[in-house]
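Participant: Below are the chains, spelled out letter by letter.
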Amino acid sequence: MYSLDLLLLLPILLPLFGAGLVFLSRARKRVQDALVVGTVLLTFAGTAAIYLLNPEHRLQLVFFHLVDYGLSFRPTNLGILFALLSAGLWALITIYAISYMRHSHSQTRFSSFLLVSLSGCLGVFLAGDYFTLFLFFEIMTFAAYPLVIHDEDDEAMRAGDSYLYMGVAGGLVLLLGILMLVWSTGTADIVPALDMLQGGAISPYVVALVFLIGFGVKAGLVPLHVWIPHTYPVAPAPATALLSGVMGKTGFYGILSVLTVTLSSPLPSKSIAAIPMNIGFALIWVALLTILCGAVMALLQKNVKRLLAYSSISQMGYVMLAVGCAAYLGAKGGLPYTAAVFHAFNHAVFKAGLFLMMGSVYMRTQSLDLGKLGGMAKVLPFTALTTLVATLAVIGVPGLSGFGSKKLVQYGIEKAAAYHGEQVLTWIAPLFILGSALTAAYLIKLYYGVFLGKYRGQPVSGAKEGVTIPAVLGLVAASIVAVGLFPERMMGLMSRSAAGTVVNFGVMTEQLATVKLWTVSSYTAVAVPVAIGVLIFFAARHFKFGAGTVPWWLSVEALIYRPVTQGFLRFCCRYVTRVEGGICDLYDRSGSVSHSVLRRVRKLDDMLDEGYEASQRTTTLVVEQARGLEHGIEEAYARVGHQVATLPTGAASVEGEITAVYTRVGQAAVDTTRRLRNEAASDNHATEQQPEVWNPQNVTLGSLVVAAVMFVVLVVLYAVGIRVLR
Amino acid sequence: MQATSYALTLPVMVPLLLAVVIYAVGQRSWQLRNGLSVAAALSSFLLVVQHYRTIMADVTLVAEFPELLPPLGVSFRMDHLGFLVAAVVSFVWLLVTIYSTAYMVKEHAKNRYYPFSVLTLAGAMGVVLSGDLFTFFLFFEMMSLSAYVLVIHEETAAAMRAGYRYLILTIIGGLALLFSIIAVFHQAGGVTFTPGGLPLEADGLAFFAYLGFLIGFGIKAGMVPLHVWLPEAHPVAPSPASALLSGLMLKIGAFGLIRVVFQVFGLEMMEATKWNDLLILLAAITIFLGSAVAITQDDIKRRLAYSSVGQMGYILLGIGLLQERALIGAIFHIFAHAFMKSSLFLAAGAIIYNTGKRKVSDWVGMGRSMLITMSVFTVAALSMVGVPPLVGFVSKWELALGALDAGSVAFVILLLLSSLMNFIYYFPLIQNAFFGEGLAHTAQAQPKRENVPLAMLVPMVVLAAVILIIDLLPYNIALELAERAAHSLFLTVK
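Chains as they are written, first to last, in numbering that gives the first Met the number 0: chain F, 0 to 725; chain E, 0 to 493.
No lab work stands behind these hints: they were computed from the structure. Treat each hint with caution, since some may be false.
Stated by the list, open to error - Pair by pair, the computed Cβ-Cβ distance ranges are:
no.	chain 1	residue 1	chain 2	residue 2	range
1	F	ARG27	E	MET12	56 to 66 Å
2	F	LEU484	E	LEU370	44 to 54 Å
3	E	ALA201	F	ARG601	37 to 47 Å
We put the beta carbon where it would ideally sit given N, CA and C, even for glycine.
Assemble the whole structure, with the sequences as input and the hints as a guide.
Facilitator: Printed below as a string of structure tokens:
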């Protein structure tokens, strides 16, 4: 079987290889076109071979040691079915695109990425585990981006941002879910894992929620749909057809796998069985919201592709409603399971077809404004016919594809409502009818606006369609009719895809056997909503309801996404940057603080220096003064010494004076004696001469001064002596 | 199993000696100088990978020189971790050196650039192959200080300022390391890296030693709040030097932290003391802050630098969680981020070389004129975002599973949020470069031709090719080595 296993790689590698060749052959337009078409056709053939060779067998192929898991391809019946559908639609749309894009710029880019995203899309459907699925899911998301922004004007770039940011965010949420699953169960395989999840650290509800969000972005579940109305209108028609018809189905495929395989248990106990039931119950309401929101919004649109974008959201709501019912019913959910697969299949065909048909209108008119279009039935009669087929199929007219699948969804709801007797679920049926009526109304508005009435816009340009575009549109319409004529056979085909899921085949066969499509009651079940729809259409026209626009502030985008993303970015830009700036500031400031500390220290140092200097100055001064004092003292000493030195002379002179005085006194005495002797001798002299004693008159002024000075000096000496001794 | 092999010293000694030779030769012949610089990195790489078989046989090589620098001695050691990081460092260094032979032609002071580049390589190899903390510290300081010359190469005012900041923080980090090494030596009586950790007691001194290691390695690894040198230093350095700094030198800090956490303190002690909580907290802040600030930067190299901060947070988180899978993620991310960030810086360098445009907003239409360069950039950027099957995805996957092992969904969400933020700051670049050229208000004149020399193109393309292909090979060598490294670091406990 090994060689057959390699066949699985064909649909994945072939487009990648083709994309490389297309890129290389960019100089030769014809070769390139041939390569593109050849690649998609071969890919389709490869996928068909897989489908035909192994309808029951599971192929497994494990290689590449990426992380703990290699890439593995182990397609389920459901996967093969959708791979075949994708490859087929891709082939048709590519052929259409060759004509449609003939005069466009960047054709090489468009064609290469068309092929790469085909590889990604088929990889998702053929993946053997969530890990591989995620890998191709991401490849698809990124590869489709150049298709979305192909026009590269402002609007396209904005829509591209919306698409890619939502896509990447969704992808990361999906990764979170896969990580949780792998961690809890130890395997990424798409196998029943509820037993292992139950009682683990991570609740199965959390896992389910995360997966629903991750895949829900692609599938367009409200409120995760916001990128769709932006993206679909701006992408070129073939890209939109692929996005809406095929790539959106990967989200559905993921959700269906998670709910009916992963979150199931081979032998469910009562507590375990309640888990998927509750999740299904919640999903039913989300899906209903999606249906109604999408339909109401579609009715309000003036742009054809925006209308169809909301219609896609609404129709995917039908699919999800059936998925919810299937999960709710568990093993007994065979009928809604078949309904979900069937309706997804049909939606892929007719919605892709509708986008292509509107593309062909656009080629003629270069306008998609419902206010300007009209009367195209005369210009494009064949497109008008195919559009009528596709439109009626969406409405669910018997004999066309939508009839069987919508009817099945309705049966599924009845089954779910009857299952546990939940009163609330009986409310679904009327809401479902309301949804169908709104669908009829917006489709009538579309068809009427484009094909009937009078043309109000610019003169129609003469661009010829060629053969390929009508051929593609005709093929789509024919397949819609074919499916519509044999719904029972298709149901059987679809129900086979339930292999490997929680669904019990026996119960499913019984359920499907009870389905009666071709009865009067089911015709009336279609006719009633259509009648209401016509009424709504006319009422809306009369009251100009469709002309109004929903205020921007009421949209989910304005209410949730914008505030959240802008708030987050503002948080990043403003606060985190401020924190970061604060940290840097802190360092700078710590630098400047340490600088200022150092400066302080230096100032202190300076001050100390100054202090020293000042003290030095003071000391010098003190010393000088001391020196002066000393000098003074010395001088005083010197003077004293001088005085003292002069003292002996003074004293000598005093002595001399004294001596002189004495001498004179002695002389006088001698003289007196001699005289007295002479007197006595001579006559006994009578007149005795008085002897000359001390006479004050003899003391000279000089000697007095000297004495005074001596006294002063003695006093001073005494005082100094005492001071010094002390 | 251990074996002695003195050949271990060669990847360190050859560039160390060649650095001197290159300086001497550079005065005379620029051809010989450039050739020898390339030869230094090449020989270093070859001398490392020759041990491939031995390492894959789970043999740890050691070379001890107790008589050198007693009493501690110098020792070398090569285990799985050392082998992987040494091979990555020398290989990327080789490519970057080849790139710089063409890039640096326009620069001045080339005779200074090449010897110091080779000297830094010798230091980095010495760190990675060291067998004990002391040898580690020796080469760590050598690497850090010689890298200063690379940082200030332009010698503009901004470069000198950034260099000053780098140098101050480097010295603080070095001192913190020295303190911790002394503390470890004091407590354990040795500083050899030992499987399972050294006999340390969980007391205050050990905690301060841990803090010292955290500061020392955190500064090198760009851990918030010690990262401030990084966004300054990377933009001012010449592009090849930025690639070396951001792609390799940051990893040395993370590498040191792995060695310290698992082979000095030991897993048991870290688990018992819960000191890793501090590391985890800082890592989480690092991831968020780095990614958030990167969004706001308009200078491409600053944006890349902040992105590095965030990415280093991944590695630190992987170390801090103390889970085997998280550690695998961290070690693998050392490899992955080295390749991714080097190629981003080299691609940015090629654009600056060709056009002189550093502002992100000036890159409109760049993809058409510089297809190869921008393709390299795109591959690396998508890998940073974590798009499978590029290398960035694998590290994110392992880290996230490790975080779940540690029982924390919050860190997984943080990792994924950071991936989204990576996308937010890389995607506009890619978008501007390739799409929206028709928009009148953004139209800009871009060069007609991709005027980038082959010596610059080839290294970038090789790096991008590794990022793109290695996970798709049947045998992912890097992941295998990371797994074995983490396993052996955890095995020693039981």
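Participant: Looking back at the hints listed earlier, which ones does the structure fail to meet?
Facilitator: Violated hints: none; all satisfied.
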